[in-house]
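Based on the provided sequences and hints, a complete structural model is requested.
Residue numbers (this note's numbering): 1 to 98.
Keep in mind the hints are simulated off the structure, nothing from the lab. Among the hints, a few may not be true.
As the list claims (entries may be wrong) - Using C-beta positions, here's what the derived DEER-type ranges look like:
| hint | residue 1 | residue 2 | range |
| --- | --- | --- | --- |
| 1 | T11 | R78 | 43 to 51 Å |
| 2 | R66 | G9 | 30 to 38 Å |
| 3 | T26 | L82 | 37 to 45 Å |
| 4 | G39 | T11 | 17 to 25 Å |
Unchecked claim - Once the Cα atoms are required to be at most 27 Å apart in a straight line, the calculated BS3-like pairs of lysine-lysine come out as:
| hint | residue 1 | residue 2 |
| --- | --- | --- |
| 5 | K40 | K15 |
| 6 | K70 | K48 |
| 7 | K48 | K6 |
| 8 | K48 | K10 |
| 9 | K63 | K33 |
| 10 | K73 | K89 |
| 11 | K73 | K48 |
| 12 | K15 | K70 |
| 13 | K10 | K40 |
| 14 | K73 | K63 |
| 15 | K33 | K6 |
| 16 | K48 | K15 |
| 17 | K89 | K63 |
| 18 | K33 | K48 |
Computed from a predicted model, the values in this text were never measured in an experiment. Every residue gets a Cβ at the ideal spot worked out from N, C-alpha and C, and that includes glycine.
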Amino acid sequence: MGTEVKILGKTYQVKSQYDPEFTGETADMVNMKMGELMGKAHAISTEKIAILTAMNIAGDFLKYRRVERKRRKLLQERIDHLVQIIEEKENELKGEGH
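Structure representation (structure tokens):
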């Protein structure tokens, strides 16, 4: 048996690999996003609202992923720079020991 969630006033049993709390939070986010779109566009079908919501959530995810990749790249560049500095200092110290 799955987790019971409520989206736009309808109750669904959702089977998920995630725990019920996470599944509920996910459903709450979908419900909130769909509700926001319904509030802006009254004459759109629920199917179109669902598609627009999926597109918006996917867009948010892709933006986050893009930012995260840039952040990781910058972090790796900093790490590489620090490693280079450490190696240079080690070589200097080895040279002084002779």
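I'd like to know which numbered hints this structure contradicts. Please list them from smallest to largest.
Those not satisfied are hints 5, 6, 11, 12 and 17.
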